[in-house]
Structure formats: structure tokens, C-alpha cells
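Student: Protein chains in written order, with the UniProt record's numbering: chain U, 1 to 473; chain Z, 1 to 473.
If you are wondering where the hints come from, they were derived from the structure by calculation, not from laboratory data. There may be inaccurate statements among the hints.
Chain copies aren't distinguished; within one or between two, either way the pair holds.
What the hints assert, rightly or not - In silico DSS-like cross-links for lysine-lysine, where the CA-CA straight-line distance does not exceed 30 Å: (1) LYS336 <-> LYS256; (2) LYS279 <-> LYS173; (3) LYS419 <-> LYS189; (4) LYS256 <-> LYS450.
Residue strings, one per chain:
There are 2 protein chains.
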Amino acid sequence: MANKILFPRIYILASLLLLVSSTNSFGQKNSQNTPNFVIIFADDLGYGDLGVYGHPTIRTPHLDQMAHEGQKWTNFYVGASVCTPSRAALLTGRLPIRSGMSSAKSRVLFPNSKNGLPANEITLAEQLKKAGYSTACIGKWHLGHKEQYLPTNNGFDYYFGIPYSNDMDHVGKRNYKELAKEGQKAIVKEDYNVPLLRNTKIIEQPANQNTITKRYSEEAVSFIKENKDKPFFVYLAHNLPHIPLFASKDFLGKSKRGLYGDVLEEIDNGVGKIIQALKEEGLAENTIVVFTSDNGPWLPFKTHGGSAGLLRAGKGSTWEGGMREPGIFWSPGKIKPGVISDIGSTMDLFTTFSNMAGVPIPDDRVIDGIDLTTTLLEHGQSPRESMLYYRENELYAVRLGDYKAHFITKGVYGQFGGKEIHNPPILYNLSEDPSEQFDIAEDHPEVLTKINELVAAHKSKLIKGKDMLAERE
Amino acid sequence: MANKILFPRIYILASLLLLVSSTNSFGQKNSQNTPNFVIIFADDLGYGDLGVYGHPTIRTPHLDQMAHEGQKWTNFYVGASVCTPSRAALLTGRLPIRSGMSSAKSRVLFPNSKNGLPANEITLAEQLKKAGYSTACIGKWHLGHKEQYLPTNNGFDYYFGIPYSNDMDHVGKRNYKELAKEGQKAIVKEDYNVPLLRNTKIIEQPANQNTITKRYSEEAVSFIKENKDKPFFVYLAHNLPHIPLFASKDFLGKSKRGLYGDVLEEIDNGVGKIIQALKEEGLAENTIVVFTSDNGPWLPFKTHGGSAGLLRAGKGSTWEGGMREPGIFWSPGKIKPGVISDIGSTMDLFTTFSNMAGVPIPDDRVIDGIDLTTTLLEHGQSPRESMLYYRENELYAVRLGDYKAHFITKGVYGQFGGKEIHNPPILYNLSEDPSEQFDIAEDHPEVLTKINELVAAHKSKLIKGKDMLAERE
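Isolated chain U (complex conformation) (with noise of 0.2 Å):
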């Protein structure tokens, strides 16, 4: 008898407790709770190239650190295989084709490119400012140099970094492949006048490149503290290891690696700072960082690109090496720690940040991210069970649950063979295959005909953006 009346009381509690702690979670309803989120955001980083993804000479202690104590993700892509339009995917939750910020006629953006990213596109930060976010872009921006196209237009309260890649406004008299053959010697801030921009006043040309990476870390541990009593948002985009490779003389000749070990090794260092203010400020708990990057290792470079492991090609090509990712989550005691082998994808940020903090996703528009909240916080499967890959306009490649069919191949930049059209598509099981080594595609035509459905419903909807990269002036 004492267990029946015992019994309602406890589950009476266990509810109670229940509803506390959702409450107390990323609840949409409690402002209180909202977390703060920092994404930082690599250049042309390969999938391989941290330690904890299997680099062997990259000593990169505190990505480790955070992999080991938040979420390790090991099939987490970008929206596009280079620059531009990958920034537009993360930021707008979209894959750039509609927002028009992929082109047949350009890759990227240049410092004489008439356009940016639309106005009417909203950017995670437009979405977190709804939500009373203070919000701060630092380093790399790359989706327009013009004034209305910048971060503070785009959501962002403040702007500090150089507007596109570091290896733009080039006024050297040697290429880079030149200057890297002799040495990071060689290699003078003085043969690239990319601009530094403080909001959007220029305050530093040619941009001391280096000790970029070393400010640019600090600006995000400035502006964490100055808003550590409000909801914050930090998009920490640095422009390195993108070539030129710069490292400040802390680091310089530090890695067994060369320079471009030099180099990460710096942004790690700058993570550990951003650790450990959070950790100092009290914040950890209610703060996600994520370090992910936008694009596979630019290969032509030699030593001074990065490895994509064991993944094929990289940055520019649709293989797996161009545009999967490391993607490390951390907040302790909110994300699950663990080895998340699900599909994710930096667009996604959008959708489940703009979640966590109570605001919801548009609805006039297609949004291509998908909540990742639940894999997140309790390991549940992804509800992610698709990625596009586009290169420029048009569709290579695409992977439904561990397939991956390739209508279309290229390699990288220049480089590991010309345009092929696969009819019928090449085939692989990625989680068997990683490499994208052995062709499956006539033991399998179920997976076709499914991915088959998939694009024709995807094409069918498709509105594509104007084209906003293509002019020039």
C-alpha cells in the first residue's frame, strides 16, 4: 500500500524536476536561458588537419580538448566547396543558389565585384538581433566590401577584419607560388593591400597580416567580455591558413609542420583565449562554440595547403575533400559529448541557433538548415539525411543517408582531372568508403532511383538568385 500512495508523489516530483529542467535547457520561451553562441570559422582548413582529425605534426591541444569534452562531428559539410559562397550558406542557412550568391561566371567575390550578399537575405545575425543578441563579426567577410554589404548591415553591431581573402589586392611583383617556393621569408604583408576594416571604416592598409590571427582572437575575447551580460553572438572568421600564410613571431618556426602548422597552431592558441575567458566569465555553460571551416585544403599549394586525410581532393571539388569538414560543438553539461558520424551541415547553425534562441525561421523563403538541436543535446539521430553538393551553378553530386551519387566530377583548382558527366552517376557508401574509392552504383539502382527522386523534387522548387557575383566594375 505504502508504494501506491509513495509512487504518484515521486512522479509528481519527477515531472516537476522534468519541467525545471527544460525549462532550464535551450527553451525558446526563456529569455533568461537564451545561450550565447561563437562560431569560428577557418579558411580553407582540410578535414584532416587538426589533431583530433588525424593530423600528425598540427598540434591543435584545445580543438582537441573541446572535441574530447563537446561533440566531435565527422560528417559535417559546408554549402559550397570554396570561399563566398560557403560564408553565404552558413550565414543564411541557404544554399547559395538561391540567394545568388554562387555564379557559372565567377567563384567568388573580388575586390572590383559591384554586388554583395542580397539585401533581402536574412543572416543568422538579423535573425539573434530579434532576439536582443548584441552581435560581432571578426576577420574574413567575403559576401561584399562595399558599405551596405558589410556585417554592420547585415546584422552585426560591429565589424573589425578584412572584408574578403587575404590574398587579394595583391600589388607583390612575385605570385605566391613564387614567394612560397623561397620561404615564409619571403612572404611580406606588403605584397597584399587588403584593407583592415573597423566597423566600415578602413583603419590599417596594407592589413598587418601578421598578427591577424593573434587580434582577431583577441577582438572576440574583447567583445565577450564587454557583452558577457547580455545573449551574444560571435562570427569569428579568420582568413587563415587561406594562402599567403602568415604567423606572428610567437608562433613563426613553432610547428613541426612549416608555416601552415604555424598558422594553425595560432588559431588554436586563439580558441584556448576564447575557452578561457568563457570559462573565467562564467559563460561556458551557456555558450556554444562551434570550429568548423569553410572550404577543403587549396591542394595546388603544396605544403602551404592543408590535408583533407583521408577524404578525396579538396577545396573547389565536390569529393568528400572539398566540402566535409571538421565541426566541433562545445558547451559543457549542455552538448552530449561524443562522436557524432550523422550528417550535419553549417547551414544548419541557422536554423538551430535561431531555435535556441526563440526565433523563428522565416517562412517566405526556403531555408536549407535543419535543427540539430536534439543530436546536440541528447545524441539523437540527425535529422539530416541529405546534403547537395553544387559547384558554381549546378549540381555534382549528392549524398542521401550513406550514399553519395556524382552526376558530375572535377577536380580541384587546376588540378586531379577534368569535368566528367557520369550517366549513370558514380556511386559510393561514404560511411564504408570515405575515400570515394569503389563504385557501387550497379549493385545498388534503389539508391539511384531514390536520389533521382530527390533531385528532380529539389530542381522542381528551385528558384535561383540573381547572380550577384558575377558583375565587376
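Once you've looked at the hints, dock chain Z against the given chain U.
Tutor: What follows is chain Z alone, placed relative to chain U:
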């Protein structure tokens, strides 16, 4: 004045503490603190096949945890790129060419081989017996299957295992390539009539390979529990993931990576059981557990073979993928946690563990093993500066510091290119270019000179052992 008086006292106190601490660490004279050793040796595991070494879909949480709590070596080498000579190298601390355990006529020992490890070779087990260790060999031996060559005649008190490779004694009608194509269900243990021995007696034939991994791990746990009151050495040499692949029903079909992943996840599970047993018995702090493998992945078997990650080629070759392996050292409070990118070798276990146990290194022969103690305990620079890469009885390549010169190259068995002589040799910087892509011989004649000197010194003193592999019955 106070300082002058105080200082010597502090100095004496510090010296005393140092003394206490040094006798409490793996001192040679304190038999109370003589550590236990567990070497877990996989078969044909690739450098890239563990989670913490970068594999995207093989789940190895216990090995990942070991690496996080202990040392993850990223430049850890085997003594040969194929089974028999690699095992001889580990157990004797000597290049197999010295013991006659490599041959120009036969890669490994076969069920009709006449010989095995020469009686005058001294194994690590024989060394540790001199310090009173209980010793067990569990798993694959492959150093001679006749009674005089078995583990119990080579320093091991106990043996339980299959005495050679699990694909030998093939009696099935079809070969493995055909079977593998049909999927795991077609492979039955009856296709391979390999015996399972306890000490010197066959207790099961064909060995039930479906449960062999599980049973090996359980045998190791039992031996540890039975010998917890004296120093012990367990050499647990799994027969898998060498093909044919088998997994017990708890693991079969569970890994996203397919059957190869099932096998590795079962090995990892066994590692977890061993670690757990050591913790339960209070032995963790005085037991060093090492995990590594005999050689790189057997690539021609496609998804039934493993992955060398970013390293080139695999089993059989002297490219890095053939001879560099995961190397994880674990002992909480003793092994200083970290990633070690210095050079180490399985041959060094002989010397390191002999020294830790206080057993003199034999001085009547060349021992190639080097003591890694200061690196393991204090992160001191590894004293190993070079590696010799033999294939059968020819010296194909030499590593000196960051650099590796190839005098001869050849692909993995039946794949990736025939034998090529390089005169002058090709040269790679393995720290900057771990995938051996960019020949820099022209830029570094001084390195080639040093490597040539090293080779000349090595060859001038080399005494080749009598070929123990070639003779068949």
C-alpha cells in the same frame, strides 16, 4: 641572511622529494613498483582506422579515451610492413633481418614452414621472466607453429591463440575475394581450418573465429585477475582485422563502416574491458597499456581492408602507410598525457620495458630498441632519431629526423606500382609532408649525405641471420 639559511634546507627537502619520487616511479631497483605491461597488438590495422586517428565512422571510444588520458604517438613505427617479421621485431627489439625472421624468399611463415624464431633470440617475455613476471601470449603468434617455436618456449607461461594468420589453412572452395564480394554472410569459419591452441595443444579446429576477438579479450582479463599480485606481462595479439573478417553477434552488422568496422569496434570493446579490469583491481596506476598494430592496411581487399588515413599506401610497402601505426600508451599518473610526434618503434618496447623492469639489455647482440622512458614519463625528446624501412631483406628507405629517403619503392602487394630503384634517392620531409608527395631531394643534398652515412654505418655492422622463413615441408 634568512634566505641563505633557508635555501639549503629547501634544497635538501626538494632533493629528498625527488629521491622519493624517483624510487616511486618506474625505478629499476624497486621491485615493489615494477610496472605491469599489456601490449594490445592489432593485425593489419591502418594508421587512419581509429576515431582519434581520424576515421569518420569507426567508433573506438575506449581507444580514444586511452589516447586522451595517455599518449597518442603519431610517428610510431613497426619493424616490418608484414606480419611475421613485424612480430619478431616487437618481441626481440631487433630488426628482423638480424634474427633471420625476414626473407627474400617468403614474406611470412606458413602452415607448412619448417622453422620459427631461433632459440637464441631473446624475447621481451624472456627478459621479463628474469624479473619474475607472469607472462601470457594471447592471440596470433606467427613466429613458428611447431612446439619448440611456440610462445611457451619463448618466455611465455601461458598461450591461448591461433598460431598464425587467420586466412591460412584455407579449405573453402572459394577464395576470400569472391567471398567478400558476396558479403559477410558467405564467410564461414569452416572455410579456414586454423587451429586454436591452449599452451601447446590444439583445443579447437577450425577455431571459431566469430567469437575469437571476444575470447582473446576475456582471456587477457582472466590472466590479469589471476596474476594481480605479481608483476605481469600480457601480449594480446588479435588475429583481426586481418582478413577474413569475423565478429561476434553483438557486433556483427552494427558499425556504419561495415564488417571491418564491426571487427574494430569489438576489439575496442575488449580494450575497454581490459582497462576496466585494471581499474577494478587497482592496477591501472602500475600497468602500462600499449595499443598498436603489426603493419598497415591490406588495401587490395577494398572495404574489407583498412585505411592508412593521410599516409601513402599500406601493408607490404615501405611507404608510411605500410609501417606507421597508431601507438597509444596509457597508465594514469605515470604516462604523461599528450600527443607525441617524435619517432618511436615497436622495437623500443623491448628496451623500454626491460629497463623499467630492471632487466639488463643483452649486450652480446645488436638491439635496435631504444629506451623511450623519458618521453613516456616526462615528455622528453624521444632518443630515437631514425628508422630503417626493410622490405623482405632489402633496405628500401631510411628516416632521419624529419626526412625520409627512398632508395627503392614498390606498391602494396599487387597494387600501386612495381619496384623502382631511385638513384639518387627521393626525399620527403615527413613532418611537413606526411603523405610523401613532394620530393625535395634536390634542395637537401646535406640530408642525403647524412642518410648515406647512416646506411653505410648500418650495413658495415650488419650480420644477417639465417633465413628462417624460406624452408617448407
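Student: Compare the structure with each hint and give your call.
Tutor: Structure-based check of all given hints:
1. For the homomeric pair LYS336 and LYS256, the shortest alpha-carbon distance between copies (21 Å) is at most 30 Å, but the shortest distance inside one copy (33 Å) is not.
2. In the homo-oligomer, the alpha carbons of LYS279 and LYS173 never lie at most 30 Å apart, since the shortest distance is 46 Å inside one protomer and 64 Å across protomers.
3. In this homomeric assembly, LYS419 and LYS189 never come within 30 Å of each other (Cα to Cα): the closest approach is 36 Å inside a single copy and 46 Å across copies.
4. For a Cα distance limit of 30 Å, the shortest separation of LYS256 from LYS450 across copies, 20 Å, qualifies, whereas the shortest one inside one copy, 47 Å, does not.
When held up to the earlier numbered hints, the structure conflicts with 2, 3 and fits the remainder.
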